[in-house]
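So you can see what is in the structure, the chains are spelled out below.
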Amino acid sequence: MTTGDDLEGLLRDLAPQVLAAVVRRYGHFDLAEDAVQEALIAAAEQWPDRGLPGHPKGWLITVASRRLTDQLRSEESRRRREETAVAADPGPPATAAPADEQATDRDDTLTLLFLCCHRELSPPSQLALTLRAVGGLSTAEIARAFLVPEATMAQRISRAKQRIAAAGATFAPPPAGEWAGRLAVVLHVLYLMFNEGYAATSGPGASRPELTAEAIRLTRAVHRSLPEDAEVTGLLALMLLTEARHPARTTADGSLVPLAEQDRSRWRRDLIEEGTGLVTGALTTGPLGPYQLQAAIAAVHAEAQDPGGTDWPQILALYDLLERVAPSPVVTLNRAVAVAMVNGPQAGLDVLATLEGDDRMAGHHRLAGLRAHFRELAGQPEAALADYRLAAERATSLPERRYLESRAARLAGLG
Amino acid sequence: MKYMLLIYQNPATWRDLPEPDRQAIMSDAGALMAELTATGEWVGGEALADPSTARSVRVRDGVPAVTDGPFAEAKEQMVGYCIVDCETQERAVEIAARWPDARLWGMEVRPLLSPDGVEM
Numbered sequence: 001m002t003t004g005d006d007l008e009g010l011l012r013d014l015a016p017q018v019l020a021a022v023v024r025r026y027g028h029f030d031l032a033e034d035a036v037q038e039a040l041i042a043a044a045e046q047w048p049d050r051g052l053p054g055h056p057k058g059w060l061i062t063v064a065s066r067r068l069t070d071q072l073r074s075e076e077s078r079r080r081r082e083e084t085a086v087a088a089d090p091g092p093p094a095t096a097a098p099a100d101e102q103a104t105d106r107d108d109t110l111t112l113l114f115l116c117c118h119r120e121l122s123p124p125s126q127l128a129l130t131l132r133a134v135g136g137l138s139t140a141e142i143a144r145a146f147l148v149p150e151a152t153m154a155q156r157i158s159r160a161k162q163r164i165a166a167a168g169a170t171f172a173p174p175p176a177g178e179w180a181g182r183l184a185v186v187l188h189v190l191y192l193m194f195n196e197g198y199a200a201t202s203g204p205g206a207s208r209p210e211l212t213a214e215a216i217r218l219t220r221a222v223h224r225s226l227p228e229d230a231e232v233t234g235l236l237a238l239m240l241l242t243e244a245r246h247p248a249r250t251t252a253d254g255s256l257v258p259l260a261e262q263d264r265s266r267w268r269r270d271l272i273e274e275g276t277g278l279v280t281g282a283l284t285t286g287p288l289g290p291y292q293l294q295a296a297i298a299a300v301h302a303e304a305q306d307p308g309g310t311d312w313p314q315i316l317a318l319y320d321l322l323e324r325v326a327p328s329p330v331v332t333l334n335r336a337v338a339v340a341m342v343n344g345p346q347a348g349l350d351v352l353a354t355l356e357g358d359d360r361m362a363g364h365h366r367l368a369g370l371r372a373h374f375r376e377l378a379g380q381p382e383a384a385l386a387d388y389r390l391a392a393e394r395a396t397s398l399p400e401r402r403y404l405e406s407r408a409a410r411l412a413g414l415g
Numbered sequence: 001m002k003y004m005l006l007i008y009q010n011p012a013t014w015r016d017l018p019e020p021d022r023q024a025i026m027s028d029a030g031a032l033m034a035e036l037t038a039t040g041e042w043v044g045g046e047a048l049a050d051p052s053t054a055r056s057v058r059v060r061d062g063v064p065a066v067t068d069g070p071f072a073e074a075k076e077q078m079v080g081y082c083i084v085d086c087e088t089q090e091r092a093v094e095i096a097a098r099w100p101d102a103r104l105w106g107m108e109v110r111p112l113l114s115p116d117g118v119e120m
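Each protein sequence line maps, in turn, to chains A and B.
Residue 224 in our numbering sits at position 224 of the first sequence; the count goes up by one each step and never skips.
Residue 29 in our numbering sits at position 29 of the second sequence; the count goes up by one each step and never skips.
Each statement offered as a hint is correct.
Straight line, CA to CA, 25 Å or less: simulated SDA-like cross-link-like pairs of lysine to any residue:
(1) B/K2 / A/T396
(2) B/K2 / A/Y191
(3) B/K2 / A/A154
(4) B/K2 / A/S255
(5) B/K2 / A/S122
Think of the hints as simulated: they come from the structure by calculation, not from any bench.
These figures come from a predicted structure and were not determined experimentally.
All chains, full assembly: derive it from the sequences and hints.
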């Protein structure tokens, strides 16, 4: 234990294990989660000076249990409640790790993820609670990541915990019949966490915690619990292959660089290698799913030394499969790019035309932006210019609006 | 997604309202703020001093011209704003419709541009 980063990493790894142990002993997920946060803070304050305790996890469980029982007792004295829980003694601190502890810890992390990604919660609440209860992030860090005041995030997390309690959820894996559906929700939350972090650019967000790193860390944990699940593997591969492009995706001033113009020598070869290996393995063991297919598409992009070397027919074949397995307007939008690259811009425009009637997509800046791009390739600069301007008007993010404005300016001869 | 709700009022009609009506507007706004705080949607907000206290600033050829009064000459002026973080624009509009000023004057709902973005 030499640096603050090591300590933070250790505490974050232990956080879900400690929470699981405390919840299993006392119930009260809501209060237990607060007690574990307090124990983590106490450890971060005391350990650097006093040195690591002999069994850090046991120390955290003991401290969190004490906080929890203190709180339950004080509520008891006020309201004469919680009798059974208070009667339970915290017991001696855990000192030795049982042989099967590692496997239990892995399952506990997964069970906690199921609880935090409860269906009663909205995706933003699932995300916030997962970061705190499983990721061990403080409310202040999560608030910074989502650019909201700490009080707002604290309220969101506490409300999420109340909802889970009201729904009668307990710390147990979902029943067999619900398992696959619940896992899909967990994976979706991890996917959202990754995307939220990936979209963060420099500037005001420069100090935001690395949500992509956190998403990859938690997905690795799920992958360790479920190494045979092809979609879990696919999601991990997708994250690694996407993260590999991170160093090349923005310029020094925070402007976005489109895929075709990125300096591919800056892509992370280590992540590409690991991601490609994972997705190749998953695709051969199946069953096929949307994360594996998206990862496979990212892998095809990654293997091209330059944009001209991209195997677009293969990417199109993968999008055709993806559209069959998990149809959505966003998939169709992305498939249009592959169609345009293989069959020409007019074919791409024809695909986009099928989205015009979709309420979710019709007003979307990415639809107008792509239409502009295809029209530019098709030699219709005036129509393209109008579409770039429309896309810029509809953009929901400043870097995307700046990108679309710069495209429009270039076409108008102003760039 | 964050939205700014711009609150518009006609200062003259506000002044002429009976005191209980003004009280009701203030307490309705306070109750709605408390509710949005509880749901974790409230990000922040401020009330502005009377538009007559505004100074408008324009710089032309490097020379600042400062005039008294608000930038846009209109009967209805922006008198405050709040920022909410909610899932859809429909929800932001629903909140705006419950803001008491909407009953007498009007509210404008504008999405905030995110500082984040994904390359295309």
